[in-house]
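Residue strings, one per chain:
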Amino acid sequence: MTDRTIVIPGEVIFKGDDYLPGEGTEKHGDEIVAIRYGLAEETKKLVKVIPLSGVYLPRRGNVVIGKVEMITANGWVININTAENAFLSIMEVPRYVNKDDLREVLDIGEMVAAKIYSIGGRGVDLTIAMKELGRLDQGIIININPNKVPRVIGKEGSMISLIKDETKCRITVGQNGLIWINGNKVEDELFAKKAIVHVAENSTISGLTDEMKEWFEKNKEIKN
Amino acid sequence: MTEFKRPDGRKVNELRKITAKVGVIPNADGSAIFGFGDTIAIAAVYGPKKMHPQHSQNPEKGTLRCTYNMMSFSVTERIRPGPSRRSQEISKITEWALQPIVMIDEFAGQVVDVHINVLQANASTRCAGINAAAMALAQAGIPMKNLVSSVSIGKLDKQLVTDLIKAEEDWEEGEGPTDIPITLTGDGKISHIQLDGQISFKQLREAVTLAEGAYKEIHAAQEKALKEVGEMEK
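Protein sequences, first through last, are from chains A and B. Quick note: our numbering has the first sequence finishing at residue 224, numbered continuously throughout. Quick note: our numbering has the second sequence finishing at residue 234, numbered continuously throughout.
The shape of chain A in the complex, shown without the other chains:
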């Protein structure tokens, strides 16, 4: 299969024992069957279905942006727009935290960029012990459809680095659809927002990165 095709649940993607079932697929006898609606893709004999729609499902290793909902004795409960709230333990904060004063590090209502380091039976566990993660106290946060996030990032980050260069903003894209933008001027931030929304709305165009280069050429003049 050279082209990616849309599959519906129950559809046979491949017959024969040459392929391995990946995410969103199952093996029934010698057939690989889709169990989700989405784009079927085959890489190195591994078949998977990429979802096109639906809610964000947390995965290990994802960077997400969330809001502090509650403070407990040993950490923070963070809303990352999923059914289960995520938990950030004080052990995962790369600095000394006074157990009596968790509010000093992160207060209720504050936004935080974090990485999912495990998904267990009790829910999602987050960490901020990494570069570029932690409290977001400046800039703006926008919300897009989580299924468009791969487009905003682009192949190997080509799209997001283009937007970063053109707008001179710092941007963190959460896999849950929340995006943090921080620039020197509010105008820069709003310009970056406009660009990201444009990408999300036109995510179906192929060669979108090139198209965006033109878009920046055109819109720069308007902006200045």
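Some clues are possibly wrong.
Straight-line C-alpha distance at most 30 Å; calculated DSS-like pairs for lysine-lysine [to be verified]:
no. : chain 1 : residue 1 : chain 2 : residue 2
1   : B       : K145      : A       : K67
2   : B       : K145      : A       : K15
3   : A       : K115      : B       : K50
The set of hints was computed from the structure by calculation and includes no laboratory data.
Could you slot chain B onto chain A? The hints should help.
Same frame as chain A, now just chain B:
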């Protein structure tokens, strides 16, 4: 035997014109509209999301929750809005029809909500609702074994027909009407069958065969609608 005449001139195994469209409600995680002729149902799926109230949560696996509702203007005589005995029953039936195909065991403590609204009714509303719900669930990205397709088979006097209309439900000649809504899954199994009236065992088998024929047509329409939206999103 003379050719059996249906009130709207269809052949005995002919479905009404099918309308199927996916992604009709932007706010929902998945949505679809499905119609058999002038019977139109719209389904919206939300979730998986946290189940509230908390005491309804199932800590072992996810829950599927369906609500079926007929709009007050869906029939000629205005019906009183709000839940009724009938709508509660059909909600439950829809849930059971969809349960065998959705794979939501991993969403413990969570719920997938399916809201079905009948915009216009001319019999077979539960079937249209189930068909719309199957498409909406797929679009919402819920893991599923396959799709379900539902159709009503009727026995008018002694004749079996596919896809009843209201005029046929009120058949008065001979043995009168028998209404058999059947839901089939992709692997050829029956996930829901109801019987309102009387029928012989032999004829019931024939009715299932008839439903299997209609299944192909409905499933093709569902597949086409889902793929159309997918092509645009690609």
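Cross-check of the supplied hints:
{"no.": "1", "hint": "K145(B) - K67(A)", "verdict": "violated, 35 Å"}
{"no.": "2", "hint": "K145(B) - K15(A)", "verdict": "holds, 17 Å"}
{"no.": "3", "hint": "K115(A) - K50(B)", "verdict": "holds, 22 Å"}
This entry does not satisfy hint 1, going by the numbered hints stated previously; all others are met.
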